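Given these sequences and hints, build the entire structure.
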Amino acid sequence: MNDILLAFAAALAIGLPALATAWAQSRIGAAGAGTLAEKPELSGTIIILVAIPETMVILGFVVAVIILLGGQPG
Amino acid sequence: MIVRMSKIEVVGLRQDLEAVLETLWQDGHLHIDPSTVGFVDEKERGAIHSLLPDEKTVFEKLFLTDLRDKLDTLLGLLPNVKVRQSHFSPALLLDSISARIDGHLAQCAELDRRRAALVAEREGLGRYRALFAQLEGLLADLEKAPDLEYIGLSFEGQGGERLVRKALDTLIGDAYELFIDRQGDLGSCGLLVVEKSLAGQVRSRLAEKKVPELSLPGLDPELPFAGRLRLLAGREAALDQELADCVRQLEAFAGRWGPLYLASREWIKQRLSLLQASGMVFESTLCFFVYGWIPAADVEALRGVLAERFLGRVHLEVLAIRRSDTSRVPVLLKNPPLLRPFENFTRLLPLPAYSSYDPTPFIAFFFPLFFGMILGDAGYGLLLLLLGLLLQKKAGHRSRLLADAGAVLRFASLYAILFGLLYAEFFGDLPARFFNLHPILDRHTKILPLLYFALAVGGVHVLFGLGLGVVAAWRGQEHRKALAKGLHILLLFCAAFLVIASVGGHPELRSRPVLVAVAVLCPALLFTGGLLAPLELLKDFGNIVSYARIMAIGLTSVLLAYVANRLAGATGDVFLGLLVGALIHLMNMVIGVFSSTIHSIRLHYVEFFDKFLEFGGRHYQPLHKEDTANTSESGGTT
Chain A
1 MNDILLAFAA ALAIGLPALA TAWAQSRIGA AGAGTLAEKP ELSGTIIILV AIPETMVILG
61 FVVAVIILLG GQPG
Chain B
1 MIVRMSKIEV VGLRQDLEAV LETLWQDGHL HIDPSTVGFV DEKERGAIHS LLPDEKTVFE
61 KLFLTDLRDK LDTLLGLLPN VKVRQSHFSP ALLLDSISAR IDGHLAQCAE LDRRRAALVA
121 EREGLGRYRA LFAQLEGLLA DLEKAPDLEY IGLSFEGQGG ERLVRKALDT LIGDAYELFI
181 DRQGDLGSCG LLVVEKSLAG QVRSRLAEKK VPELSLPGLD PELPFAGRLR LLAGREAALD
241 QELADCVRQL EAFAGRWGPL YLASREWIKQ RLSLLQASGM VFESTLCFFV YGWIPAADVE
301 ALRGVLAERF LGRVHLEVLA IRRSDTSRVP VLLKNPPLLR PFENFTRLLP LPAYSSYDPT
361 PFIAFFFPLF FGMILGDAGY GLLLLLLGLL LQKKAGHRSR LLADAGAVLR FASLYAILFG
421 LLYAEFFGDL PARFFNLHPI LDRHTKILPL LYFALAVGGV HVLFGLGLGV VAAWRGQEHR
481 KALAKGLHIL LLFCAAFLVI ASVGGHPELR SRPVLVAVAV LCPALLFTGG LLAPLELLKD
541 FGNIVSYARI MAIGLTSVLL AYVANRLAGA TGDVFLGLLV GALIHLMNMV IGVFSSTIHS
601 IRLHYVEFFD KFLEFGGRHY QPLHKEDTAN TSESGGTT
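Here the protein sequences come in this chain order: A and B.
So the first sequence is numbered by the numbering used here: it starts at 1 and just counts up by one.
So the second sequence is numbered by the numbering used here: it starts at 1 and just counts up by one.
Since the hints were derived computationally from the structure, they do not count as laboratory data.
No experiment lies behind these values; they were computed from the predicted model shown.
Be aware that a few hints might be false.
Partial chain A-side listing against chain B, Cβ under 7 Å, derived [stated by the list, open to error]: (1) G44; (2) A51; (3) T55; (4) L59; (5) F61; (6) V62; (7) L69.
The beta-carbon is built from N, C-alpha and C at its ideal position, and this holds for glycine as well.
This is the structure:
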């Protein structure tokens, strides 16, 4: 039972930030595509803006790994 | 590297101005500053003012601008043919050119108008021909009925056909026959047969309903419908002949006059750029002053050229760059050929400020490293190395971007091979399967150690960025900012110390001095960095954790490679197994290249550059002689 709860917690830890990242990137990506159509020179800024929400899912991944492996070196 | 600039002032007698500008233009290194701010002291500004052009210069500028516009229009009308280089000097022929150009412009405009009309008619006929071909079968039985009128129609979808039937039913009841052919590629078309007496009102109603009638441009509308089809081929041939004749005349014109007009346009452009530069010059009662920026390495060469040509009458003075000047110094990036391909990543960002750093060398060092750490497969690396070499060889001088991509791929693939050896990965776990080779770092099972490794790499990268930020802030006389960044570094070290002590299983390291240091450094950070400084510190922690992606993306890549090998083995057939394995490995490699590139570059743009890079540099735009090579921007003639 404990393992199931751990697995569920890990899934939530990565799943929810993944959804949040996807939602944020979809909004930023759509706006960024519109911006690039008019100002292609802003491509660097758009890459940065699209990339920012990814940190959420990476943090979620780290938390999920720590939940599953209990902080013990694999 | 950002090229070191010198701030200079060129002073001379006013009668030498034009010759000096021409010398500067030929030298091609001076970026003229159109403002005296930073060059002339406040109290001396009253004695120096912008050079006002005399009447002759204004007239020349207007004349040349008008002539250039006419030449642009004329060359734009000419077809794309290669022409010889002109040996005439345009400067001597400007009056003749000016006198002739209106006539030539009218002649070419007429030829071009005729060509455009012929092309439009030819295209129209081609479309009609396709539609008439659809109707050919319907016409066979109807040619011999003299009391009937045949009207060709084209429809877009079923809606158009229904609309026509409804309109005709209301107008003439069932006194018509409509044949529809829906087999063509260009939509359905039909042949409407009505009595000649009803044809007029039927046509009016169809026009009201905006149903297009198939009529042949250039042919007699009274001609029987079937007869029109027979004339179509003849008309097309005649049009082709006229079109070829028209193009031949334009090509002949381009061959005869193109060289002179191209050379004239380039000469005028250069002359106008000189006149424009004279608008950025300043003058006193007797002298002119040119202010600007030049790469420090080119100062002495320019000084020598001026001394040789003007025998001491023109003086070049190097001025001190003040702190307030740094935002106005133009920025020129110059890197060794080995690093130059990585400038493409730098160009995606705004230009760095002169007092900041050129990020290219950092990208050149860290990007391939991160790429290799993420992809980490010797087999993929070898394939990418071959691809990179191939790209460089094939693209050559044709596409600079592709050649650069090949060079970047070559560097990155070398790191992928290196880390592939460390991870003992060659198309996944093939070395372990076939040769029982065990990796130094097993990405498949040692998840937490690799996570710590990625975070450690992130820590080093972010701390290096903060260190560069301290240096940049100190150089820019922003001592408080430099101190705040320094405190960030110390606090990050303390945090790392505490994390290693608690997570790394070394409780003996969690000593009181570190906690005391944190207690002292935090107020100091608030004092130097302001109230938002702790938030910045938290952001730094987040930035370091973000490097976990190096391990996370790498893990997905290695798991996919394992899946490829397992599936290949599960097929039980050598050839099928090879095919399945190759396909999945190919897919994994493509995904791996994209994700490794995007995430590596993102770690630079978001996490690393934020620590030290300042943007907002001015582009270095020297007054220089353009490489003409008889190319045209608007015209087709080359």
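Hint check results:
no. : hint : in the structure
1   : G44  : holds (4 Å)
2   : A51  : holds (4 Å)
3   : T55  : holds (5 Å)
4   : L59  : holds (6 Å)
5   : F61  : holds (5 Å)
6   : V62  : holds (5 Å)
7   : L69  : holds (5 Å)
Consistency note: the structure conflicts with none of the earlier hints.
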